[in-house]
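Peer 1: Under our numbering, the sequence shown has 159 at position 151, and the numbering climbs by one with no breaks.
Since the hints were derived computationally from the structure, they do not count as laboratory data. Keep in mind that the hints are not guaranteed to be accurate.
[Stated by the list, open to error] Calculated cross-link-like contacts (lysine-lysine; reagent style PhoX-like; alpha-carbon spacing at most 25 Å):
| no. | residue 1 | residue 2 |
| --- | --- | --- |
| 1 | Lys110 | Lys84 |
| 2 | Lys37 | Lys116 |
| 3 | Lys37 | Lys105 |
| 4 | Lys105 | Lys116 |
| 5 | Lys37 | Lys110 |
Just so you know, these numbers come straight off a predicted model, no measurement behind them.
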Amino acid sequence: MQQLKHARSLRVGRFSQPGTVYLVTTVVKDRLPIFSDVQIGRRVVTEMERLHSSNCVRSMAWVVMPDHLHWLFELKSESLPTLMQALKGRSAFEVNKAHDAKILTWQKGYHDHSVRAEEDLVEMARYVVNNPIRAGLVRQRDEYPLWSCEWLLE
9 MQQLKHARSL RVGRFSQPGT VYLVTTVVKD RLPIFSDVQI GRRVVTEMER
59 LHSSNCVRSM AWVVMPDHLH WLFELKSESL PTLMQALKGR SAFEVNKAHD
109 AKILTWQKGY HDHSVRAEED LVEMARYVVN NPIRAGLVRQ RDEYPLWSCE
159 WLLE
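Required output: the full structure, derived from the provided sequences and hints.
Peer 2: If you want it as structure tokens, here you go:
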């Protein structure tokens with residue numbers, strides 16, 4: 009129980025603000041590598057694209073790893089908690105419905121970093137999309153199917 013109290017205290021004083029850029033990481037419950045199945049990962053991508061198209065966010069870069077995702081975006085509307093609830097809830101619903109089984113459950117919470125003006129967004133995007141290389145899943149970014157970035161990265 010102490011761990012939960014501490015987790016909540018980390019959120020004290022946080023607020024989300026439209027126009028702010030965030031780097032968010034969220035994890036599958038028990039770190040099950042269900043996104044190793046690319047079709048399951050694509051359902052999460054579809055939900056991120058829906059949120060982008062509906063003008064809730066401006067997606068800058070993302071990668072869906074086997075058991076978690078990293079997403080760099082500018083918040084356009086809604087609050088960060090509402091956005092994350094929409095992403096996690098709808099993606100889990102769609103994945104579970106498609107497989108007629110409860111195969112995707114997200115871990116509660118997420119890690120967010122509010123990007124400061126002086127931070128280099130292109131470097132952060134490069135960090136996000138190079139995760140599969142650092143994890144040893146691929147040798148080159150283009151070999152990995154579940155990522156996107158609004159910038160051309162060398």
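Peer 1: For each hint, tell me whether it holds in the structure or not.
Peer 2: How the hints compare with the structure:
1. Lys110 x Lys84: 31 Å, violated
2. Lys37 x Lys116: Answer holds: lysine 37 to lysine 116 is near 8 Å, not above 25 Å.
3. Lys37 x Lys105: 18 Å, holds
4. Lys105 x Lys116: Between lysine 105 and lysine 116 the Cα gap is close to 20 Å, so the pair holds against 25 Å.
5. Lys37 x Lys110: Roughly 12 Å separates the two Cα atoms, so the pair holds.
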